[in-house]
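As a plain string of letters, each chain reads:
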Amino acid sequence: MTRPAVLKRNLSQRLGFSLLSLMTLVTVLPILAVVIYIFVKGSPAISWEFLSGFPRDGMRQGGILPAIVGTFYLTLGTAIFSVPLGVAAAIYLAEYARENTVTRAIRIAIINLAGIPSVVYGLFGLGLFVFFLKFGTSLLAASLTLSIMTLPVIISASEEALRSVPQSFRTVSISLGGTRWQTIRRIVVPQALPGIITGIILGLERAAGETAPILFTGAAFFLPRLPNSPLDATMALPYHLFVISTQIPEMPVQVQYGTALVLIFFVLGMNLVATVIRSRARARRQW
Amino acid sequence: MEKSLNWREYVITRLIKASGYSAILFVALIFLFLLKEGLPALGEVSLSKLLTTRWYPIENYFGILPLITGTLVVTLGAALIAIPFGLGAAIFIAEVAPRWLRELLKPLVELLGGLPSVVLGFLGILVLSPSLRLLLNLPTGLTALAGSLLLGAIAIPTIVSIAEDALDAVPKSYREGALAIGATAWQTIWRVILPAARSGVLTAVMLGIGRALGETMAVMMVTGNAPVMATRWNSLFMPARTMTATIAAEMGEVANGSVHYHVLFLIGLVLFLISLAVNVTASTVVFRQKKRAERILS
Amino acid sequence: MFILVWLVLSAIIWRMKRAAICLLAIVFLVSCSSPAGQPVSSTQPGVIIQNKGSDTMVNLALAWAERYQQVNPQVNLSVTGGGSGTGIAALINGTVDIANASRQIKPEELDEAKTKGIDPVEHVVARDAIAVIVNPENPVSQLTLQQISDIYSGKITNWKEAGGQDRPIVCLSRETNSGTHVYFLETVLRLGDKKNKTLFSTETLLLPSSEGIINEIRLNPNAIGYDGLGYVPKDLKVIAISKKAGESYILPSITTVNDNTYPIARDLYMYTAGQPQGAVAAYLEWILSKDAQDIVAQLGFVPVK
Chain A
1 MTRPAVLKRN LSQRLGFSLL SLMTLVTVLP ILAVVIYIFV KGSPAISWEF LSGFPRDGMR
61 QGGILPAIVG TFYLTLGTAI FSVPLGVAAA IYLAEYAREN TVTRAIRIAI INLAGIPSVV
121 YGLFGLGLFV FFLKFGTSLL AASLTLSIMT LPVIISASEE ALRSVPQSFR TVSISLGGTR
181 WQTIRRIVVP QALPGIITGI ILGLERAAGE TAPILFTGAA FFLPRLPNSP LDATMALPYH
241 LFVISTQIPE MPVQVQYGTA LVLIFFVLGM NLVATVIRSR ARARRQW
Chain B
1001 MEKSLNWREY VITRLIKASG YSAILFVALI FLFLLKEGLP ALGEVSLSKL LTTRWYPIEN
1061 YFGILPLITG TLVVTLGAAL IAIPFGLGAA IFIAEVAPRW LRELLKPLVE LLGGLPSVVL
1121 GFLGILVLSP SLRLLLNLPT GLTALAGSLL LGAIAIPTIV SIAEDALDAV PKSYREGALA
1181 IGATAWQTIW RVILPAARSG VLTAVMLGIG RALGETMAVM MVTGNAPVMA TRWNSLFMPA
1241 RTMTATIAAE MGEVANGSVH YHVLFLIGLV LFLISLAVNV TASTVVFRQK KRAERILS
Chain C
2001 MFILVWLVLS AIIWRMKRAA ICLLAIVFLV SCSSPAGQPV SSTQPGVIIQ NKGSDTMVNL
2061 ALAWAERYQQ VNPQVNLSVT GGGSGTGIAA LINGTVDIAN ASRQIKPEEL DEAKTKGIDP
2121 VEHVVARDAI AVIVNPENPV SQLTLQQISD IYSGKITNWK EAGGQDRPIV CLSRETNSGT
2181 HVYFLETVLR LGDKKNKTLF STETLLLPSS EGIINEIRLN PNAIGYDGLG YVPKDLKVIA
2241 ISKKAGESYI LPSITTVNDN TYPIARDLYM YTAGQPQGAV AAYLEWILSK DAQDIVAQLG
2301 FVPVK
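Chains as they are written, first to last, in this note's numbering: chain A, 1 to 287; chain B, 1001 to 1298; chain C, 2001 to 2305.
Bound conformation, chain A alone (with noise of 0.2 Å):
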């Protein structure tokens, strides 16, 4: 080649490279940016009062322990209904599907739930959960509309980690004469384990900041204590969030963002479990 020509290749490369740093920089940055923002003006209200205490005041004073424990509930009973139904689930696409029309459906139609808006989960809690079967706006309608939408992550990730188990680690335990589901939960699950806790806790953590799912089916906006049973409503953190920057005069600033803190602490510490278990397994791996 022409030298001139492989300057003008040279520096359309450097000038390629430096416009993509810069738009990953433009990227990332702001969304940093508005992390470290919330923590600057949030940390100031944070004290073991805020965490533990009940709203006082028209909740301008005191603490949100009511929604982050109601947040809690709800992240729970999300896990009680999505993991077992979408690890089996995952473990059937994984170890007994064929590649057929139904299964090529069955992945459609995990396509298509991730997919759809989280406010028509919300319509379809409403109208299912809680006017169809009944259940009234409680913890029991919005963990089971939060859990229909967790499903396909989960499903999706715990998949993809059961198929990355080798198949001979499978050979071998059917050689020595175990059963499908033997060698599926000794050997299989416990092998994809990391990748399979990874979904849940992306998964848990998705429903933990969601907002519209839970607006009709379970949130409240202020309770006098905290839920007893499944079918009390109860207060959740996106949903206090909501409430105080939007609903309340003179609310302290403070405040708002002090929920907004512990609310991304809550979620990205879940975040942070799971790639930290992601990359030790990684390493650990037999394979």
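Don't take every hint at face value.
To be verified - Heads up, simulated EDC-like pairs for lysine to aspartate or glutamate below, C-alpha to C-alpha not over 16 Å straight-line:
#	chain 1	residue 1	chain 2	residue 2
1	C	LYS2195	B	GLU1059
2	C	LYS2194	B	GLU1059
3	C	LYS2197	B	GLU1009
4	C	LYS2234	A	GLU250
5	B	LYS1017	A	GLU99
No lab work stands behind these hints: they were computed from the structure.
Using the hints, position chains B and C against chain A.
This is chains B and C only, laid out in the frame that chain A set:
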């Protein structure tokens, strides 16, 4: 012991099979429910009245066109922001960044993808809208643009994660082959790797747009919710009302079974069908790409 | 019951991550202990009253609930907003005991209630003035009802047409599910005329809450908005309103609401399904007492007497 083992195995296998079909069950259930509660609206409010330009349900104006155009404008704006930046960042992370930076950025982006939308909406009201109003000299900062920016921020991590995975999955041999015949890294990326990862990248873009389309809280807080027909050239810089925000804002007030209730479910049905269309298209494209790739590689 | 779930979950997780158990244990302990500020009644069974509806009244309802809990710890009140329409819909659906409404129940809603066998009973619990507010930088201080109607219906689009600077007018409103919205539509846009069919202009921003309106007005000199007087902070500018051109311009206050000189004042209601019984009746009686009505005045509303 043999017998009980076989019996247990049988039951468990049946349960697992049933779980496998559950995904189809749920999609069908959701679809049926939306139909059940949404179709009556077509009977109560004629189609011609639904396709008008005034949305004011408490006086029985049920024109859903402003809502559809609002969703379109905000989502399109979000796509215009999210696609270039998302793909750019994905290419950077997958191909250009050194290993240490990659290990840092990839989990960072995934971490940021977990940010709840209500937090972004919250900051949108306090920080973004006023800034937009001052920067662009608009009457108000509560506009479709604010919504698009937030939606873009929400969609980008999805696009980056999936596209980066797709780019990473391109076999090393492609890269090495291209470099061997004298291409620069830059040329390799654009002419070899990106086309090879086309299906994955397309999936990433569609899933990202799907995420933007379905977002509710952030848009409800920053777009102003004015039911205008967003069809002028500068509609992006004016307030708009999306279908998702409409459902979220009005669902609480409707009496079970009223006309308004049915119309809101109809809107939900429309949203469901749109996301269905996007997802089916994405998976068919991917499927066809895969088949073609298999034919080429075999 | 939840304790059992806790234990089971801990047992499962025990096999995986010890850190997770510690976390669970901490949250478990925190949620079960009696931290500072937790109401005494939370551990006793007691009566629950569900209270839902008007966002205008939600803070008032909350203040009442907090005070009543000190007066009568056996009763637990749960308060939710969502708009007057939401509250009345919930009353009709049978999911709440008291619906808060900043407007009267509509004829269609009454019909709906009758078909479900519910007979809504109206109680006036406070009065409220609707304040029209603008940014403090805005030089305009007074408007007639007709001018406000024209601004919100889109006939007047620039502040200079109303005596102000050359700036576009940005109209802010509550959402359609808000009683305040409906009241404003009937009383201001339509000037009280039932046959008038004027609507809000499509450019009107429909914000999901009062705070959204307050925030935007605080930051935006082009904006005009309306809300209950109890929501207007001291730093925003309230417009004096006259019923017709030529009459005097009145600012909203407890006096002007009670002697009916302020043109846009209204009653705030609580609806029950049928005549209230037991705990609900006691609560409603307490709301009309001096104790509760003092809270009304404190929050910027107008007491009933």
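- Violated constraints from the hint list, given by number and in increasing order: 3
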